[in-house]
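4 protein chains.
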Amino acid sequence: MNYDVILSEIFAASLALPTNGAIATTIPELATVSPDKFGIHLTTLDGKDFGIGDSNEKFSIQSISKALSVAFAFTFLGEKVWERVGVEPSGNPFNSLVQLEYEKGKPRNPFINAGAIVIADILISNLQNPKKDFLEFVRTLSGNSTIDYNPKVALSEKNTGFRNAALANFLKSFGNIENEVEDVLDFYFHQCAIEMSCKELAHAFYCFANEGKTREGISILTPSQAKRLNAVMQTCGFYDESGEFTYKVGLPGKSGIGGGIVALLPNHFTVATWSPKLNKKGNSELGMHALELLTTKTGLSIF
Amino acid sequence: MNYDVILSEIFAASLALPTNGAIATTIPELATVSPDKFGIHLTTLDGKDFGIGDSNEKFSIQSISKALSVAFAFTFLGEKVWERVGVEPSGNPFNSLVQLEYEKGKPRNPFINAGAIVIADILISNLQNPKKDFLEFVRTLSGNSTIDYNPKVALSEKNTGFRNAALANFLKSFGNIENEVEDVLDFYFHQCAIEMSCKELAHAFYCFANEGKTREGISILTPSQAKRLNAVMQTCGFYDESGEFTYKVGLPGKSGIGGGIVALLPNHFTVATWSPKLNKKGNSELGMHALELLTTKTGLSIF
Amino acid sequence: MNYDVILSEIFAASLALPTNGAIATTIPELATVSPDKFGIHLTTLDGKDFGIGDSNEKFSIQSISKALSVAFAFTFLGEKVWERVGVEPSGNPFNSLVQLEYEKGKPRNPFINAGAIVIADILISNLQNPKKDFLEFVRTLSGNSTIDYNPKVALSEKNTGFRNAALANFLKSFGNIENEVEDVLDFYFHQCAIEMSCKELAHAFYCFANEGKTREGISILTPSQAKRLNAVMQTCGFYDESGEFTYKVGLPGKSGIGGGIVALLPNHFTVATWSPKLNKKGNSELGMHALELLTTKTGLSIF
Amino acid sequence: MNYDVILSEIFAASLALPTNGAIATTIPELATVSPDKFGIHLTTLDGKDFGIGDSNEKFSIQSISKALSVAFAFTFLGEKVWERVGVEPSGNPFNSLVQLEYEKGKPRNPFINAGAIVIADILISNLQNPKKDFLEFVRTLSGNSTIDYNPKVALSEKNTGFRNAALANFLKSFGNIENEVEDVLDFYFHQCAIEMSCKELAHAFYCFANEGKTREGISILTPSQAKRLNAVMQTCGFYDESGEFTYKVGLPGKSGIGGGIVALLPNHFTVATWSPKLNKKGNSELGMHALELLTTKTGLSIF
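Chains as they are written, first to last, in our numbering: chain A, 3 to 305; chain B, 3 to 305; chain C, 3 to 305; chain D, 3 to 305.
It is possible that part of the hints are untrue.
Copies of the same chain look alike in the list, so a pair counts if it works inside one copy or between any two.
Below are the DSS-like pairs computed for lysine-lysine, each with C-alpha atoms no more than 30 Å apart in a straight line [to be verified]:
#  : residue 1 : residue 2
1  : K106      : K279
2  : K50       : K108
3  : K60       : K108
4  : K82       : K39
5  : K106      : K250
6  : K283      : K250
7  : K299      : K154
8  : K60       : K50
9  : K160      : K50
10 : K82       : K60
11 : K283      : K108
12 : K39       : K299
13 : K106      : K50
14 : K299      : K106
15 : K215      : K154
16 : K282      : K82
17 : K106      : K60
18 : K279      : K82
19 : K299      : K160
20 : K299      : K82
21 : K154      : K106
22 : K82       : K250
23 : K39       : K108
24 : K106      : K215
25 : K215      : K250
26 : K108      : K133
27 : K134      : K250
28 : K283      : K106
Derived by calculation from the structure, the hints in this document are not laboratory data. Just so we're clear, the structure is a prediction, and the values are computed from it rather than from any experiment.
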């Protein structure tokens with residue numbers, strides 16, 4: 003595969019598409035980003051890097067962090083993680099409280115906000131220095147020690163995160179939060195406020211495509227665990243557009259309202275895109291297009 | 003009507019009924035009350051008082067306060083109150099978040115928790131000293147200056163009130179809370195922590211039965227406003243048992259999980275009961291029995 | 003009370019109001035009625051009749067029939083009726099299937115379609131000649147032997163009644179329909195297709211205001227039963243606008259999508275209005291206005 | 003891979019597991035099957051067949067037929083199929099009406115009953131002899147002209163299929179059914195009543211694993227279409243246990259309440275299992291176990 007050529011083609015083709023998306027405004031600090039940013043980075047398992055556009059510019063990874071936090075929790079809790087959060091797609095928007103009420107406080111999966119908040123609670127309960135340790139974990143995954151939180155974004159989320167505060171308190175009322183709500187939200191808002199470039203994301207998710215091992219060969223997950231987290235990304239990674247993404251792209255992946263998407267083909271490559279304009283379901287419009295073109299052009303997908 | 007005799011009869015008959023109810027345990031401080039307390043007090047519009055059992059013992063009025071807070075908001079906002087909260091029965095438990103999501107943050111009525119929290123927000127926005135002023139209002143209604151908050155109960159609610167914190171944050175996320183969530187909850191937990199006896203409650207609700215005027219003749223509501231609040235109590239006063247209460251008792255009223263119920267027959271009487279054992283819907287079991295017997299025996303109901 | 007003057011005033015005042023309502027189009031045969039029809043008829047318990055406008059013209063009573071069918075079922079089953087249908091307001095549109103699923107096939111009340119279909123099933127199971135016997139019952143209530151079904155309307159409903167067929171089959175799947183779905187729907191579509199004038203409706207509901215006795219003195223319901231059905235009309239008679247109607251009008255009543263409304267003040271009067279233009283909730287817009295004006299002007303309501 | 007040995011091992015290991023499942027009783031005719039039946043058949047793309055247990059005994063394929071009917075519709079409508087049915091997992095039981103109401107009659111995916119009924123309607127509208135033509139299609143897929151409907155099962159479903167009748171009428175009320183409800187249900191009940199053995203199923207799904215071509219080389223779907231239907235099976239094929247199946251097994255597949263499951267690894271194999279005892283979600287308990295063991299033992303999954 004000549005990925006250089008392919009990325010150029012899908013980059014150009016995506017830019018040529020008419021778009022209706024809009025930048026997320028729910029978190030004021032995110033709304034300051036230029037809506038025209040667009041980058042793609044693909045890393046093959048044999049270690050080659052292919053980037054185009056703004057692929058080296060850092061942005062707020064937001065919900066992409068949920069795949070990293072659940073992986074971290076998985077490393078020390080294993081299958082016990084699923085006692086407090088499920089692996090089923092939700093069929094509802096990412097921040098819905100409805101389903102949580104019918105299911106008595108056990109979130110459907112770790113990628114809706116409620117589920118990620120429970121995972122945050124698990125991390126806090128199990129880590130010495132939660133925010134520091136999590137950052138260390140992400141740096142190890144990506145082999146990059148410069149990755150950091152953006153405290154302004156974390157603060158901006160805190161000041162406007164009433165829906166997340168509602169979810170956390172709701173979970174607490176069901177007994178599915180062990181720590182103080184305030185502490186859990188502080189961790190959660192920080193985890194979402196990590197900044198990474200497309201390249202750094204493609205590197206960080208390398209272990210998911212590589213049976214659990216990082217580019218540096220560090221074993222993070224067992225092969226079975228890596229497969230299983232890919233499976234959860236496949237069915238739940240794009241909120242109530244997960245089916246559409248699976249249908250059109252056919253790769254496990256995770257999106258964030260900062261405009262980033264990361265996806266991967268097991269044993270082949272990881273790929274990350276960034277374009278801040280979101281469609282109605284909250285996923286990056288150009289990113290979805292680009293990844294659909296990628297699997298269409300290459301004929302490579304898990305199906 | 004010989005209410006002395008009638009109260010004696012329904013008091014005895016209620017006590018003779020087999021009960022399955024249990025005292026509320028969600029608020030630890032409330033769980034310390036003796037479950038065997040039982041009192042009834044009836045006040046006629048011509049000023050006669052009839053009490054039996056523990057009718058002079060103070061208890062936590064809890065959600066009964068919602069009828070008083072919406073009345074207070076009504077006095078200065080009038081019909082504008084309904085721009086932020088509806089008058090429709092909810093068909094859901096008192097603390098459900100589901101309906102709120104479908105209806106975009108406008109609570110169905112002022113007697114579900116979400117609605118009462120919005121009313122609390124309205125009071126805070128409109129009062130100089132919200133907690134002091136509200137207490138003053140309740141004292142005026144009942145003609146009794148000793149009525150007060152129980153700070154231990156308020157604190158107990160705060161420490162366990164995660165569902166209410168979820169509701170308040172959820173409302174805030176929809177833009178239907180103007181003040182700080184913490185301040186609104188502090189007021190709300192205090193309002194619910196007011197302590198009154200059956201007699202004091204019967205006096206406080208006198209104005210609802212008396213076209214808006216207190217026993218002392220102070221005009222609180224217009225006749226039309228009093229009627230309208232009675233109507234809301236009729237359709238919404240007993241959570242998702244409002245239809246059952248209307249069916250069996252046929253009087254407007256309001257219950258609280260402290261075990262109190264207040265009801266009234268316009269132009270005739272107000273009546274308050276207290277027994278802490280609650281049925282599955284969260285309403286006082288003996289109180290419901292007693293009021294059903296009252297309207298059955300007297301043939302007096304609004305229908 | 004000079005009801006002649008009052009009716010004239012509210013008739014004129016209602017006509018002067020700006021309206022946004024539209025005639026029901028879901029049943030084609032109903033859509034042929036002139037939208038400008040408007041009539042009011044009030045009957046006092048001492049036997050006086052007051053009519054204005056098109057008060058003697060017959061129209062399709064539609065859901066108003068639900069109050070008559072549940073009354074009929076009540077006469078032979080008594081409280082056992084409520085084993086198969088509840089008395090709680092639904093908080094949902096009249097033809098919703100959602101709540102039915104959560105509550106395992108027991109409709110919330112006899113005035114949503116699901117509930118009325120269960121009542122129809124009860125009548126079929128208990129009557130020799132269901133359609134003939136029910137018509138006889140309505141004729142007795144109103145003291146008028148000319149009242150009849152409109153077979154064209156019944157057929158029109160059958161041909162377009164897929165939502166009702168869905169409800170009936172859904173109820174059957176829960177075991178809450180005993181007879182053939184087709185037979186139950188045939189009865190139900192006929193009951194809704196009864197035609198009556200405002201005057202005839204006011205007469206038919208006389209017994210609800212008169213402790214269960216018709217104008218001719220025939221005892222249909224016990225006083226307690228009449229009160230209880232009034233209570234159900236109060237909390238559930240206007241779909242998810244029941245709270246609004248109770249709030250603004252303060253009388254038990256029942257509406258139909260043919261544009262009719264009947265309401266009553268126990269021990270005083272019954273009143274029926276007809277204007278085919280419906281508001282968004284499916285209730286007659288002018289009728290709601292007229293009845294609100296009636297209770298405002300007279301100060302007469304149950305509250 | 004020595005699939006003979008692997009099948010023997012997982013067959014024995016599955017039988018050794020404690021089971022809680024129960025045979026489906028909703029369709030009386032299905033309840034007559036012996037609950038102890040258990041068979042597995044695996045067909046590799048290079049044409050080898052491996053069977054064990056009752057793998058040659060025919061059973062009612064039930065909802066497995068939904069994958070075949072949507073494939074058939076896909077062959078002549080292409081992407082237009084998705085104008086009337088979605089590709090998102092539902093997060094609700096297979097026969098829920100709730101979601102359908104919120105989404106105004108467009109079923110979430112073709113594998114919940116509502117979606118399959120819409121597909122049935124599409125087939126009827128597009129086929130000369132719907133039942134005959136569909137059977138022909140299935141026979142072509144499997145290369146087996148003996149496959150047939152079981153009319154007794156179809157009749158049994160019709161006589162008890164009130165929930166499906168509710169769904170079909172509900173869809174019709176939203177305008178998402180073009181033909182007579184009765185005709186659509188007749189087709190749907192027949193499609194579910196097809197009988198096939200594990201071996202025949204593994205053959206029929208060969209084209210999904212083989213880029214759209216049957217074992218005989220007949221081109222049914224384009225490679226892209228085959229991938230896309232696999233994607234829908236992956237996210238939606240197991241009702242509200244789709245996430246669990248994806249997590250544990252990691253293969254696209256489809257289950258039926260007759261106890262059958264079919265799954266496939268693109269470019270490698272198809273596999274079918276049959277054991278009539280179902281878990282609480284309506285999927286074959288032993289079948290789920292066996293397929294989980296298969297991918298665990300072989301390390302083969304799409305992730």
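Evaluated hints:
1. K106 <-> K279: Close across copies (25 Å), not inside one copy (35 Å); limit 30 Å.
2. K50 <-> K108: Neither, since 41 Å and 44 Å both go past 30 Å.
3. K60 <-> K108: Classified as neither; 34 Å inside a copy, 39 Å across copies.
4. K82 <-> K39: The answer is neither: 40 Å in one copy and 33 Å across copies each exceed 30 Å.
5. K106 <-> K250: between (33 Å within a copy, 24 Å between copies)
6. K283 <-> K250: both (15 Å within a copy, 28 Å between copies)
7. K299 <-> K154: This pair counts as neither: shortest intra-copy Cα distance 40 Å, inter-copy 48 Å.
8. K60 <-> K50: Intra 20 Å, inter 51 Å, cutoff 30 Å: intra-copy only.
9. K160 <-> K50: neither (39 Å within a copy, 56 Å between copies)
10. K82 <-> K60: neither (34 Å within a copy, 39 Å between copies)
11. K283 <-> K108: both (23 Å within a copy, 17 Å between copies)
12. K39 <-> K299: within (23 Å within a copy, 45 Å between copies)
13. K106 <-> K50: neither (46 Å within a copy, 48 Å between copies)
14. K299 <-> K106: neither (44 Å within a copy, 36 Å between copies)
15. K215 <-> K154: neither (32 Å within a copy, 55 Å between copies)
16. K282 <-> K82: Answer is between; shortest inter-copy Cα gap is 21 Å, intra-copy 34 Å.
17. K106 <-> K60: neither (38 Å within a copy, 35 Å between copies)
18. K279 <-> K82: between (37 Å within a copy, 27 Å between copies)
19. K299 <-> K160: neither (42 Å within a copy, 46 Å between copies)
20. K299 <-> K82: between (40 Å within a copy, 22 Å between copies)
21. K154 <-> K106: between (34 Å within a copy, 29 Å between copies)
22. K82 <-> K250: Between copies, since 14 Å is at most 30 Å while 32 Å is not.
23. K39 <-> K108: neither (37 Å within a copy, 35 Å between copies)
24. K106 <-> K215: neither (36 Å within a copy, 45 Å between copies)
25. K215 <-> K250: This pair counts as both: shortest intra-copy Cα distance 28 Å, inter-copy 21 Å.
26. K108 <-> K133: within (24 Å within a copy, 37 Å between copies)
27. K134 <-> K250: Result: close neither inside a copy nor across copies, 38 Å intra and 32 Å inter.
28. K283 <-> K106: both (25 Å within a copy, 17 Å between copies)
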